[in-house]
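There are 2 protein chains.
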Amino acid sequence: MTHTPRLYVPAITPFAPDLSVDTARFTASCRRILDDGADGLAVFGTTSEATSLSVTERIAALDALVDAGIDPACLIPGTGCAALPDTVALTRHATGLGCKGVLMLPPFYYKPLSDEAVFASYAAVIDSVPDVALYLYHIPQIAGVGLSIPLIGRLIEAFPGTVRGLKDSSGKWDNTAAVIASFPGIETFSSSESLLPVNVAAGGAGCISASANVNAAGIMRLIRALGTADEAAALAQVSAVRTACEGMPLIPGVKAVAAIRMADPNYARVRPPLVPLTQDQTAQAARAAALCLWQEPVS
Amino acid sequence: MTHTPRLYVPAITPFAPDLSVDTARFTASCRRILDDGADGLAVFGTTSEATSLSVTERIAALDALVDAGIDPACLIPGTGCAALPDTVALTRHATGLGCKGVLMLPPFYYKPLSDEAVFASYAAVIDSVPDVALYLYHIPQIAGVGLSIPLIGRLIEAFPGTVRGLKDSSGKWDNTAAVIASFPGIETFSSSESLLPVNVAAGGAGCISASANVNAAGIMRLIRALGTADEAAALAQVSAVRTACEGMPLIPGVKAVAAIRMADPNYARVRPPLVPLTQDQTAQAARAAALCLWQEPVS
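First to last, the protein sequences are chains A and B. Following this note's numbering, the numbering of the first sequence begins with 1 at its first residue and continues without gaps. Following this note's numbering, the numbering of the second sequence begins with 300 at its first residue and continues without gaps.
Because the hints were derived from the structure by calculation, they are not lab data. C-beta: ideal position from N, C-alpha, C; glycine also.
So the derived label-pair ranges between C-beta atoms look like this:
(1) 263(A) to 317(B): 48 to 58 Å
(2) 497(B) to 98(A): 58 to 68 Å
(3) 582(B) to 178(A): 34 to 44 Å
(4) 318(B) to 160(A): 19 to 29 Å
(5) 315(B) to 224(A): 53 to 63 Å
(6) 500(B) to 265(A): 51 to 61 Å
(7) 500(B) to 24(A): 56 to 66 Å
(8) 20(A) to 359(B): 23 to 33 Å
(9) 28(A) to 497(B): 50 to 60 Å
(10) 203(A) to 549(B): 34 to 44 Å
(11) 158(A) to 477(B): 43 to 53 Å
Looking from chain A toward chain B, a few residues come up when the C-beta cut is under 10 Å (computed):
(12) 52
(13) 106
(14) 120
(15) 141
(16) 251
(17) 275
All chains, full assembly: derive it from the sequences and hints.
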């Protein structure tokens, strides 16, 4: 099965000086990303500091996006929490809003977890929200719990039509390739735009990338350039931005670059446990921002 | 400084067949533990499946205990969540109820975290709830985030009188010994009753142990026997129970033993991501229960 390559963006969550969610800036930055051409928003991912937000905050912020006119059909909010009732509440809310789907972490406190435990956890959510469109979120180096190929297969088989895709944030291309090869019918996303060409060539669905917060236009150029003479130049640009972002603590770094691009330092604020960039790192963020700005076509 | 050795119990959280919190059984099992002689309850610990409960469920369950007449001064509820506003809400609630203190995990999604990040996380909670009596919870193998000696020292120095103690669930006695030696003024608990004699001899404050759910009477006997001719026998009994519990997946195992002792299978139920014991493991739980029952004095 061939998937049209897509870019979904794990949008940053801006905070006010009192560290409450800054809904106005959240909506504004989400709009900016869509204006840059992204296919949609995977809000409340790791880059979004979603696990640092309460359920109430996440529901209110998602409602705010939809109230502001953003089409729920382009949203894949993260809903996986440590606590099952929280995951169910967020999944039910997002599904009820008509979101394209939800991107669901496994429960991430207890570890190690057996495949049986992870299966039971996803099954309990699906039992509670049977119409969920489920995108699995594999990020074992942070969550401490991963999603094995047999587990993914068991979920697809047990709940036909429910599992729509997977984001592989392991950084291990061999694993992504195995997921695509094993389950060509689901949309498998890489977590870095540097892997976009190989992901799409293998039958994947594109990427959901932190650095897309600041370079959605560049990544969309790459998607359009795939298989053309422009591909190498487009890939070089996105890879340069990606490498610059990865040279900093990724999430505060992306927020700092976003702040520079939006000309508003408020976008750089992080909530604990994340810590702000140092002065040196902020200078590096400025260079990354320049990489985005100067390579964008001035039309 | 000498601390009177104490036993606090990370009480199990019973669930109804629909996996909601079974408040009546929660209250009953907490009462049973106090009747067995425990000094208090560290409800909402790892053994309590606290991170599998919503904030609303945790607040309601704590209120239920106090409403049932359990003295808040003997309660040290766990309040540490991945999300800062959740930790603040639970800490404020427990502090407002007059609890002895709160046992606080660091935020446990993002990892690795620097000491700076963990410090900022605790500081943000203390800033929001300045009268909190804080017990730090070190369980790096589960949380994925640990509490270093310099971090503990920095918190004690920055917030005089706030840090009252620490539970070391690392299982590494050398670390516990270093905490006690470095900070003799705070109450440092081990996570296993097998370590009680060495903990108390070093100047620690006792233990907060999963298996105390089913053997509080035995552990209290050990505390009373410390330094007497009865110590070795008391230690042998608690160690036998502990070893039996550790031979199973610990939390479902302790719940199964509790169910057998309470003669009520409902106590054995777990919430995903934990999975029930197998048949073989349940037989093992029965043996562990027998170890508790048969060695309790029939008076």
